[in-house]
Every structure is written in structure tokens, then in C-alpha cells.
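Kindly generate the complete structure, drawing on both the sequences and the hints.
There are 2 protein chains.
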Amino acid sequence: MAVSPPKPKDMPLNALRALEAAARLGGFAAAADELGVTPAAVTAHVKGLEAELGAPLFARGAKGVELTALGKRTAPAFAQAFDALSQAVRDLREEALPQVVHVAALPAIAQLWLSPRLPALRAEAPDIAVSITAMEAPPNLKRSPYDLCLFYGDGAVGRITDDALFPVCAPSFLPRLQGVEDLAAVPCLSDATWCDDWANWLAVAVPDGRVVPRGPVFSLYALAVEEAVNGAGVLMGRRALIAAHVARGALVQPFGPQVPIAEGLHLWAARPLRRSHPIWRVARLLGQG
Amino acid sequence: MAVSPPKPKDMPLNALRALEAAARLGGFAAAADELGVTPAAVTAHVKGLEAELGAPLFARGAKGVELTALGKRTAPAFAQAFDALSQAVRDLREEALPQVVHVAALPAIAQLWLSPRLPALRAEAPDIAVSITAMEAPPNLKRSPYDLCLFYGDGAVGRITDDALFPVCAPSFLPRLQGVEDLAAVPCLSDATWCDDWANWLAVAVPDGRVVPRGPVFSLYALAVEEAVNGAGVLMGRRALIAAHVARGALVQPFGPQVPIAEGLHLWAARPLRRSHPIWRVARLLGQG
DNA sequence: TATTAGGCTTAGAAAATCTGAGGCATAGAT
DNA sequence: ATCTATGCCTCAGATTTTCTAAGCCTAATA
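Keeping their order, the protein sequence lines are chains B and H. Using my numbering, you'd call the opening residue of the first sequence number 32 and step up by one each time. Using my numbering, you'd call the opening residue of the second sequence number 32 and step up by one each time.
There may be inaccurate statements among the hints.
Copies of the same chain look alike in the list, so a pair counts if it works inside one copy or between any two.
Distance condition first, Cα-Cα at most 30 Å in a straight line; then the derived DSSO-like pairs of lysine-lysine [stated by the list, open to error]:
id	residue 1	residue 2
1	K103	K78
2	K40	K78
3	K94	K78
4	K94	K173
5	K40	K173
To be clear, the hints were calculated from the coordinates, so they are not data collected in a lab.
As C-alpha cells, this is what we get:
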């Protein structure tokens with residue numbers, strides 16, 4: 032029976048967060064990814080909790096981990112608590128700096144769609160600073176410090192614009208593209224993550240389907256666009272992203288139809304907002320632009 | 032505009048906890064005490080948050096700190112979130128080890144009142160393990176991993192027993208105590224935290240009040256009791272705590288009245304419990320004993 | 001005027017946390 | 001049946017966070 036200060040240490044908060052993420056995402060690797068650490072760290076955290084608890088929270092299998100009954104019963108409470116905490120942090124940030132709006136967007140969208148609209152945004156709302164972070168996938172808004180997300184998606188809510196595919200090239204490149212069949216003879220630029228765009232367009236434009244496009248692949252769509260502008264080849268363009276270049280004549284459509292795609296640009300916020308709120312104002316200005 | 036992994040680090044959880052505690056308790060020193068760290072650590076945490084936030088959360092004054100308007104607005108959300116988190120941890124612990132009940136008690140109560148009752152408790156509920164932690168002040172049940180608290184208090188809810196003061200000594204010491212006035216001539220044992228007990232009893236027993244007790248002071252009441260049993264002097268006893276010694280004849284009351292005191296033994300739980308719950312069973316068994 | 005209480009600062013120490021490399025086991029593919 | 005990919009584990013060492021200790025400062029109190 033100890034007397035004075037036998038500090039009954041609580042469980043470490045970071046370990047609890049790891050547990051929560053692993054439980055919610057169904058795996059240590061996914062949790063590690065969300066938390067921005069290695070899976071080994073998550074392993075260690077969960078193991079520490081289980082050791083202090085004296086009972087396993089996950090059943091380990093070769094195909095991954097699964098929550099034990101104990102974990103299943105207790106995990107939701109942690110999710111809620113951390114949600115509340117994240118929300119509190121977001122509110123705190125916002126109260127402290129109400130004039131900064133953090134936008135998360137796909138790199139291509141950030142550079143090709145959002146960037147050209149920023150001057151107008153600044154003009155309309157000079158009091159608001161817009162900070163943009165590019166990332167491959169939409170963040171978990173409940174856990175990340177972003178106010179708005181701008182990505183491709185396929186619902187109706189939050190849709191800003193639909194999109195369509197069509198080939199484009201520099202005006203100087205036009206002579207080399209008399210018809211669709213010329214595609215087999217010129218470099219066909221494409222993006223690594225949208226590698227299906229060519230096939231999807233060809234399926235409509237050349238249903239007989241004997242044209243197989245070849246050409247360099249870029250990991251950044253904006254790079255491919257730049258190359259197309261420089262006359263490096265023909266690009267399968269996404270209307271929403273190359274509209275500015277087309278409008279200014281830097282890119283032209285040599286032939287063929289515009290093929291609508293299921294996904295369009297979507298903009299959404301972390302939560303409902305008052306109409307007077309800076310985040311809401313930015314969303315409205317972007318949605319109209 | 033960074034591209035891939037510009038990890039937008041969240042605020043550190045431990046710093047947020049320090050902020051919450053400081054806001055709730057109204058000072059860094061108090062927060063440090065609750066968290067079991069030095070005030071310097073709390074200072075650093077809060078300063079870190081303020082730096083990242085770009086706005087002060089506390090107004091520093093020489094007499095302590097006070098929340099700024101920003102802090103006042105945002106602190107409650109953190110308190111709620113951490114409450115939820117603590118509750119989740121408590122539930123987790125309980126689900127994992129439903130048969131262990133953690134009791135927090137005043138050292139004197141733990142040793143002199145609770146300890147003698149443990150054998151009966153074990154007999155009645157052999158499936159439950161009772162773990163006891165002694166501490167000077169009741170813990171914040173919302174933030175500490177204790178299931179039951181056993182301390183002196185003065186309400187009606189949760190009261191187990193009232194208490195009263197009267198002098199006691201070893202039977203071998205009786206000859207030296209013919210009357211109240213002899214108190215001035217013998218060692219009067221007392222406890223450091225209950226230093227008023229002698230005065231309170233004398234105020235009733237000897238209203239004229241010319242007796243001034245002198246004698247060793249102990250930081251642990253149980254030590255004073257032990258010394259009294261060993262014939263070292265006369266102790267101002269608290270009935271609830273020395274009942275066992277009196278019953279077995281190790282201590283006797285030489286003279287004078289029993290003076291009721293306002294505070295009695297109180298037992299309370301962190302939250303409402305089902306009657307079948309181990310914690311509830313322990314509480315009931317203690318409340319009846 | 002001394003004392004006390006509460007907070008700040010700094011440098012250094014301690015502890016938590018993370019990484020990186022190597023392993024193991026299973027599932028599905030060749 | 002063997003190969004490959006996935007997902008997790010372990011361990012040692014590195015890094016970062018967090019903490020302490022000691023001294024200073026200010027305002028209120030005695």
C-alpha cells in the first residue's frame with residue numbers, strides 16, 4: 032500500500048490515438064499511414080496498451096489484424112472522443128485565425144483549376160488568406176486540419192462541375208494530327224493515375240478499337256499539360272483542367288468527341304457553415320467560378 | 032505549394048491536455064500538479080500551442096494566469112473531449128478486467144478503517160480483487176483511474192458513517208490520566224493534517240480552555256495510533272478509525288465526552304453503476320460493514 | 001522589508017517515440 | 001508446387017518530445 036505519490040499513470044494519449052486509428056481503419060498499416068508514422072510504431076503502441084491492459088485488443092492474423100470482442104466494444108468510444116478533440120482543435124485554430132482557409136486538393140486540380148482562380152478570389156475576398164495543400168487522396172476531414180477539400184468525385188452534393196475527355200495538343204502540333212489514326216504515330220502523353228483516360232476516350236471515339244496510344248507517362252498531370260503546350264505530343268485532356276489553356280489558345284482540340292466522365296470536381300467542407308463564415312465564402316466563390 | 036507529404040502535424044495531444052488542465056484548474060501550477068509534472072512543463076506546452084496558434088491563450092499576470100477571450104471560448108470543448116477520452120479509457124480498463132476494483136482513500140482511512148474490513152470483503156466476494164491507493168486528497172474521478180473514493184466529507188450522499196473525537200491511550204497509560212487536567216503533563220499525540228482535533232475536542236470538553244496539549248506530531252495518523260498503542264502518550268482519536276483498536280482493548284478512553292465532528296466517512300463512485308457491477312458490490316459491502 | 005505565490009527561462013537529462021532492416025506467415029497467382 | 005505480395009512482428013539504435021532543476025522576476029501579503 033503505497034502512500035504519497037504513486038503516480039497512477041494514465042494510458043499514453045498517443046498510444047490511444049494509434050489504437051483508435053487502427054480500430055477505425057481496420058489495420059496497423061492504414062493507421063500508420065494516417066498518423067504519418069511507420070507500422071512498427073503503431074505495433075509498439077498497441078502492444079503497450081495491451082500489455083498494460085492485460086488483454087488483447089486485436090487478433091493477429093497473416094492477412095491483417097481484427098478487433099477482438101473487447102476491442103469492438105470499446106473502440107467506438109475512442110473514435111468519438113478523438114473526433115471531439117479534433118473538432119475542438121479545429122475550432123481553436125479557426126477562432127485564432129478566422130481569416131485563413133486551408134484547402135486540400137489533388138495536385139492537378141490545385142495547379143490547373145484552382146490556381147488560375149486564386150487572383151479572382153483574392154480580389155473578391157482580400158481579407159481571406161487561402162492556403163493550399165496538394166495531396167493524392169482526400170484527407171479524413173475529421174482528423175486533418177483542412178477546411179475544404181477539392182477532388183474528383185461522383186456524387187451530386189458538392190459538385191462544382193462535370194468533366195469530359197478530349198485530346199489536345201499545341202497549335203504547332205496540329206499538322207501531325209489529320210485524323211484519329213495518326214494517334215498511333217505520335218507521342219500520346221498521359222498521367223500515371225489517370226492511365227485509363229486514353230482507353231476510355233478511344234472506346235467512344237474509335238469503337239472498332241485498333242488504335243493503341245504510346246507515349247511518355249507523367250506522375251503530375253500538370254507536367255503532361257506543360258509538355259503538350261511545348262509540342263511534345265498529344266494529351267488526353269480533362270476539360271475542367273485544361274480549359275484555361277484552351278481558352279488562351281495554348282492547346283487546341285485536333286478532332287474527335289468530348290467524352291463525359293462519371294467523376295466531376297467536388298468541393299466539400301468539414302462541416303456545415305454559417306453563410307458569413309470565411310470558409311463558406313471561399314466555397315461559394317469557388318463554386319461559382 | 033508543396034506536393035506530396037507535407038505532413039500537416041496536428042497539435043500534440045499532451046500539450047492539448049496541459050492546456051485543458053490549465054484552463055479548467057485556472058493555473059499552470061494546479062495543472063502541473065494534476066498531471067504529475069512540474070509547472071515548467073505546462074508552461075512549455077502552453078507556450079508551444081500559443082506559438083503554433085499565433086495567439087495567446089492565457090493572459091499572464093504576477094498573481095497567476097487567466098484565460099483570454101479566445102481561451103474562454105475554446106476551453107470547454109477540450110474539457111468535454113478529454114472527459115470522453117478518460118471515460119473511454121475507464122470503460123476499456125473495466126471491460127478488460129471487470130474483477131478489479133480500484134479504491135482511492137486517505138492513508139489513515141485505508142490503514143485503519145478499510146484494511147480491517149478487507150478480509151470480510153474477500154470472503155463475501157472472492158471473485159473481486161480490490162486494489163487500494165492511498166492519497167492525501169480525493170482525486171478528480173473524471174481523470175483518474177479509480178473506481179471508488181473513500182475520504183472524509185460533509186454531505187449526506189454517500190456517507191458511510193459519522194465520526195466523533197475522544198481521547199484514547201494504551202491501558203497501561205491509564206494511571207497517568209486521572210483527569211482532563213493531566214493532559215498538560217503527558218505527551219498528546221496528534222496528526223499533522225488533523226492538528227485541530229485536540230482544540231476542537233477541548234473546546235467542548237474543557238470550555239474554560241486552559242489546557243494546552245503538547246506532544247509529537249505525526250504525518251501519518253496510523254503511526255500516531257501505533258504509538259498510542261505502545262504507550263507513548265494520549266491520542267485524540269477518531270472513532271471510525273480507532274474502533275478496531277478500542278474493540279480489541281488495545282486502546283481505551285480515559286475520560287471525557289465523544290465530540291461529533293462535521294465530517295464523516297464518505298464513499299462515492301465515478302458514475303452510476305448497475306447493481307450487479309463489481310464496483311457496486313464492493314461499495315455495498317463497504318457501506319454495510 | 002521580508003516572504004510567499006505563481007510563472008518564466010535555460011540547459012541538460014530522461015523518456016517516449018520513431019525508423020529501418022530483417023523475418024514470418026498466409027493468400028492468391030503462376 | 002513455387003512465387004509474390006501483403007501485413008504484421010522484432011530489435012537495435014536514433015530522434016524527438018517531454019521533463020526537471022535551479023535561478024530569476026513580479027505582485028501581493030505580512
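Hints that the structure is at odds with (numbers, increasing): When the structure is compared with the hints, none of them turns out to be violated.
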